[in-house]
Amino acid sequence: MEPVTVIAGKVSVLDRADVDTDQIMPKQFLKRIERTGYGEFLFYDWVRNGEVSIEPNPILAAGRNFGCGSSREHAVWGIQQFGFQAVIAPSFSDIFYGNCTKNGFLPVRLEEDDVRGVMDAGEASIDLDSQTVTFAGRSVSFDIDPAIKHRLINGLDEIALTLEHEDEITSYERDRMAPGPVTTAL
Amino acid sequence: MPKTMVDKIWESHEVRDDLIYIDLHLVHEVTSPQAFDGLRLSGRGVRRPDKTLATADHNVPTDGTAVSRMIADALSRQQVETLEQNCAEFGIPIYSLGSERQGIVHVIGPELGVTQPGMTIVCGDSHTSTHGAFGALAFGIGTSEVEHVLATQTLAQKRPKTMRIWYSGALGFGVTAKDLILATIGRLGTAGAVGYAVEYAGPVIENLSMENRMTVCNMTIEGGGRAGMVAPDDTTFAYMESRPAAPKDWSAALDRWRALPTDDGATFDQEIRIDGSALAPMVTWGTTPGMVVDVTASVPTPDSFDSPADRETAERALQYMGLDAGTPITDIGLDRVFIGSCTNSRIEDLRAAARIAEGRHVADGVRAMVVPGSNQVKIQAEAEGLDRLFTTAGFEWRSAGCSMCLGMNPDILAPQERCASTSNRNFEGRQGAGGRTHLVSPEMAAAAAIEGHFVDIRGWK
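Chains A and B supply the protein sequences, listed in that same order. For the first sequence, our numbering gives the first residue as 52, with consecutive numbering after it. For the second sequence, our numbering gives the first residue as 4, with consecutive numbering after it.
Isolated chain A (complex conformation) (with noise of 0.2 Å):
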């Protein structure tokens, strides 16, 4: 995974609430069984029919409770593959919010009017680091997990993290781990 630290540039907007995963990615692209060439596919009924125009600039800034709606992680892949670095908005939906952290992806919470400030410039920088988001001249700063961001800044992978504590694993799953059922003995 790609270390995440500065992101800055254009803004592209979409300034709609509750977006969903079906909006972002819709069902007919989840038959692949691949993980790229999704970009040319975010917001297709949208973009087709004409009422939203996206560029693919690093940022995109959109409404509350963004990404709301089913797991699938191919919405992530699309807007990334589109092009953008970041997405700054007041809300997301929990599983959408991990799956972008998964990804090297950014997501970005904001208060609404620091939001619509970052959509009015149409110019950001996102510094990780220091947590803050700069926009017309002026910096506001934003919340995230500090696991999350060790994780995103130095672009490791969750998995590996994970198996350097494999013993922990195993002794959970002979000390306290409760009985179960089997699935192999179905």
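No lab work stands behind these hints: they were computed from the structure. Misleading hints may appear alongside valid ones.
[What the hints assert, rightly or not] Here are some of the chain A residues that sit facing chain B, going by a computed Cβ distance under 8 Å:
#1 Ser121
#2 Asn154
#3 Ser176
#4 Ile195
#5 Asp196
For clarity, every value in this text was computed on a predicted model and none was experimentally measured. Every residue gets a Cβ at the ideal spot worked out from N, C-alpha and C, and that includes glycine.
Given chain A, put chain B in place with the hints provided.
Same frame as chain A, but now just chain B:
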């Protein structure tokens, strides 16, 4: 210190800080191929195939296609066959097309009894919250997390905040679990439970059957909550006892499970109370599940919303839905009716719809489909004669799968077709590009099919 059910399950599964053990990983064809590829690329295996279970559901045609190589759509066929190959390669049990146990992943888990109280359960699907009906902590994950669970049987997670929604009173005649959860989302908003695990409690919930509790937990994600839960009780245990995967040492299991419910005096980050007696049958009018009103109401006017953003959202939704503000809900006519999905495709749902359909006939110009959630549900329904009852009444009787809930298979709406659906999402294009979805209960969907428009089943002939 008194603890919530979430806290108890969380603490018993913490391998280390922010890393929880996963007791059951359910896998389907859409969100897993890239995860298996990731394992191969990094030379990793599946840590616990014995805690993993796969089925094919999203892409499956519901026309009785018996094996994956007969699926007509080339991409769907490839995705189902890829799942079968991946499961064979990594030793994961799979119920694919042709298996009597195949079905929607959230239907077959409880049906087999692999969904049990106190467990942590994940699946690459947001409706994994369904399994929380058993007092499990169950939630949807993305494909990277699917790979993480396959490789490590753990998940890196922050403990969710806790919310309890307490339903007092009793549901009135004709008011169902589906209406309860739709009304709840309408009140909470589509992001009201973001960051929370939601515990549904109170006399209304205690009186619900297991299958109705699953309907409630299933739609937790539509209110933004990743996990929804109900405390296990005698209703839960009675449902589970005869299942194929029920614990051999039943009394030891009961002892463990009876310790799970939230302790008296435990505190939640947020508590909400809803009067269950005041709820009515619900119908969505817009393009999020939160855009919902009583069947006795009318399509709202955009001016009735407070903020300019909400007014604009409502206007766009009305335009997409082809509805005029002020139209009574019962005047909305329908082209299609879909009874199915992980929300409402279990045997009780089909029985409830059948009671409405019996001796009546689908209205002219309406195409109505009934899609059982699993082959086991199909077999049971046919043993009870529900298939003949439905077909006599003019409904199509299909094979198990996700079907028209999300249109990844041949069951889709044509543009501008209007559908009464027992599924969970009325997003734009969800059931087919340009299609218009109204979410309702199985009873309301069946009655709408008979009349050709929505009716209030409480006063229906």
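Which numbered hints are broken by the structure, listed smallest first?
3 and 4
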